[in-house]
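Participant: Input sequences plus hints: build the corresponding full structure.
Chains A and B supply the protein sequences, listed in that same order. Mapping to my numbering: the first sequence position 278 is 278, numbers consecutive. Just add 357 to the spot in the second sequence (first one is 1) and you have my numbering.
Keep in mind the hints are simulated off the structure, nothing from the lab. Quick caveat: nothing in here was measured; it's all calculated off a predicted structure.
With a straight-line cut-off of 25 Å between C-alpha atoms, the simulated SDA-like cross-links for lysine to any residue are:
#, chain 1, residue 1, chain 2, residue 2
1, B, K415, A, E340
2, B, K415, A, T26
3, B, K415, A, G228
4, B, K415, A, P3
5, A, K248, A, F354
6, B, K415, A, T280
7, A, K248, A, P352
8, B, K363, A, V2
9, B, K415, A, L226
10, B, K415, A, D32
11, B, K415, A, H229
12, B, K473, B, Y421
13, B, K415, A, V311
14, B, K415, A, H343
15, B, K415, A, R282
16, B, K415, A, P352
17, B, K454, B, G388
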Amino acid sequence: MVPFAGYDMPVQYPTGIIREHTATRTSAGLFDVSHMGQAWLEADDGRHETVANALEALIPADILGLEHGRQRYSQLLNAQGGILDDLMVTRPASADEDGRLLLVVNAACKEADYAHIAANLPAGVTLNRMDERALIAIQGPKAADVVALHVPGTSDMAFMDSRHGTFDGIDIHVSRSGYTGEDGYEISVAASRAEAVWSALAAHERVTPVGLGARDTLRLEAGLCLYGHDIDETTSPVEAGLLWSIGKRRRAEGGFPGANRIQREIAEGPSRRRVGIRPTGRAPAREGTVIADMGASEIGIVTSGGFGPTVGGPVAMGYVDAGHAVPDTPVSLIVRGRAEAAHVVRLPFVPPGFHRD
Amino acid sequence: MLRFTKDHEWVRVDGDEATVGITDFAQSQLGDVVYVELPGVGRSVTAGGEAAVVESVKAASEVYAPLTGEVSAVNDALADSPSTVNEDPQGNGWFMKIRMANKAELDGLMDEDAYKAFVEEQG
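Facilitator: Written out as structure tokens, the structure reads:
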């Protein structure tokens with residue numbers, strides 16, 4: 001167990017990181033992500049427009065246009081367009097719940113996020129944190145079959161669909177989403193009932209509990225950002241390759257923090273970009289490794305790197321000057337004082353297994 | 358007979374040559390080994406000085422030379438199968454052989470019982 005954002009969490013279960021990783025890619029992995037912050041953003045008038053407008057003042061995603069029962073990825077931005085945190089926003093499936101949005105934020109950022117959101121809300125909109133709520137993710141190609149045995153109707157859900165449900169009779173909120181690049185679900189449940197849900201899922205032979213170590217290798221291979229490493233207050237969503245998460249209307253209209261910088265970067269291109277990097281040899285390049293061009297000039301830095309068990313070799317991502325961000329560009333990684341050959345690649349490293357219909 | 362360091366390396370002596378690797382305890386703490394960087398044959402190493410690097414999925418760790426001398430052989434097989442360090446750490450997962458410059462340094466290493474007690478203390 002290691003301390004992680006104030007929680008004791010396992011780096012690995014006795015299975016080991018590579019086996020946990022592979023189990024998730026080939027069958028199903030089970031993740032306790034209860035450390036993440038869950039909160040409701042709620043408008044007194046019960047109108048979606050009210051709560052959506054309040055949140056759109058803080059993030060660049062199109063929330064007005066978010067449909068019932070849909071989830072969207074976005075970022076809380078500072079006035080310079082830097083990323084304070086990344087988060088998931090869900091609009092409840094039933095029109096009876098209009099005026100509410102479910103937010104899921106990172107554990108290490110949640111106190112700062114909640115304070116920032118609360119300080120910037122208009123009258124009539126409040127943030128209500130749900131500290132007594134657990135979050136359990138099940139990810140992998142067998143996740144749908146397993147979850148369907150406990151939660152009726154989940155096999156019909158599309159990627160990023162979200163709704164209320166019952167797990168063996170326990171009230172839950174379930175989304176078809178996750179952060180591994182695989183198909184899967186995230187199950188929000190009262191903390192007092194979390195153990196029952198976890199135990200029921202873990203009892204399946206097809207399901208393997210997964211710790212922090214494999215969670216990191218899975219999201220790295222999937223090309224997904226880890227807050228505080230691949231994105232932070234200095235990086236913009238455009239530099240980070242997250243432009244897909246900024247709706248067309250928002251790009252045109254602005255109206256979110258740092259819109260000037262972000263609209264300029266969209267028009268002119270950012271000066272640096274997040275890219276995938278594949279070392280040629282077997283030596284992993286860790287976070288902080290300097291990236292150099294073929295003339296040995298520094299062009300960037302690795303923000304996440306290690307061994308990709310599914311790739312079967314080292315993988316990394318980091319920021320490079322925009323001129324070097326084209327896939328197949330050869331670069332050097334300075335590992336223990338030696339230049340190791342590598343090249344820029346398109347992310348993700350492994351094709352996603354999302355359920356799109 | 359194996360001898361051990363506080364940095365969790367083991368040493369097996371054969372004449373003037375010592376075979377060196379990391380202990381079963383070390384590999385279990387590291388987890389899945391994915392890369393091993395070995396010194397060049399002929400390189401001089403100093404007892405307690407950096408001699409190799411072992412990388413698990415999570416992190417890179419230094420391996421220190423238990424003894425002073427010259428590297429006389431390295432286990433090239435680890436380049437293609439680093440997981441041998443997990444599977445057989447005190448056998449086929451050896452790292453290097455050192456031609457010892459000062460055999461008296463062996464007296465400063467732990468025997469198996471002392472190492473076991475040391476690991477339990479660290480527990």
